[in-house]
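Asks: Sequence:
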Amino acid sequence: MATYHLVILKKTYLEAILAGRKRIESRFTKTRRSPFGQVCVGDKLLFKQSGGPVCARATVAAVKNFENLTPEQIIKLKERYNRHIGGSSEYWQSRADCAYGFLVWLDNIKRIEPVRIRKKDWRAWVVLTEKENFGLLK
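Residues in the sequence shown are numbered from 307 upward in steps of one, following our numbering.
Just so you know, the hints here were simulated from the structure itself, not pulled from any lab data.
On a predicted model such as this, the values are computed, not experimentally measured, just so you know.
In this text, a Cβ means the ideal position worked out from N, Cα and C, and glycines have one as well.
Treat the hints with care, since some could be wrong.
[Said to hold, decoys possible] Dumping the calculated DSSO-like pairs for lysine-lysine here, alpha-carbon to alpha-carbon at most 27 angstroms:
(1) 416 x 382
(2) 416 x 336
(3) 426 x 316
[Stated by the list, open to error] Here are the computed distance ranges between Cβ atoms for each label pair:
(4) 436 x 377: 37 to 45 angstroms
(5) 413 x 442: 17 to 25 angstroms
(6) 417 x 373: 33 to 41 angstroms
Construct the entire structure; sequences and hints are all you get.
Replies: Structure below.
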């Protein structure tokens with residue numbers, strides 16, 4: 307059974323996904339934390355614009371997890387995948403000291419009827435559970 311994820315994005319990245327210019331979503335962190343290692347092929351992603359509604363969905367086509375990253379490895383990831391990630395120079399510079407990361411290939415991207423939810427924390431990616439699903443899973 308697929309796991310559902312709530313993915314919060316800046317407007318520019320969400321627009322790039324919906325336009326088909328961004329085919330890979332990337333996340334990098336300094337420490338190992340959720341959802342690292344918790345995203346699988348076939349999982350469902352619900353996209354929420356930062357400060358806005360949930361307005362799109364996609365299916366995970368592939369995922370790659372990276373640990374013990376070095377600045378040199380981050381540069382190699384940028385060179386290999388940025389044409390599908392669409393990260394700015396500032397984006398990559400701000401991730402140079404991250405030790406963990408994952409890339410998620412997106413498939414079946416669709417706009418959905420916008421849904422406003424009450425999310426009050428700072429997490430930019432939430433693995434949805436029966437207990438914590440913001441009313442998105444019915």
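Asks: With reference to the structure, classify each hint as holding or not holding.
Replies: To see whether the hints hold, each was checked on the structure:
1. With a C-alpha separation of about 30 angstroms, the suggested pair residue 416 and residue 382 falls outside the 27 angstroms cut-off, and the hint is violated.
2. Restraint check for residue 416 and residue 336: the C-alpha separation of about 31 angstroms exceeds 27 angstroms, so the hint is violated.
3. Annotation: proposed proximity of residue 426 to residue 316 holds, straight-line Cα distance about 16 angstroms (limit 27 angstroms).
4. Range check, residue 436 to residue 377: Cβ separation about 40 angstroms, and the 37 to 45 angstroms hint holds.
5. A C-beta distance of roughly 20 angstroms is found between residue 413 and residue 442, which places it inside the suggested range of 17 to 25 angstroms.
6. At roughly 34 angstroms, the beta carbons of residue 417 and residue 373 sit within the given window of 33 to 41 angstroms.
Checked against the numbered hints given earlier, the structure breaks hints 1, 2 and satisfies all the rest.
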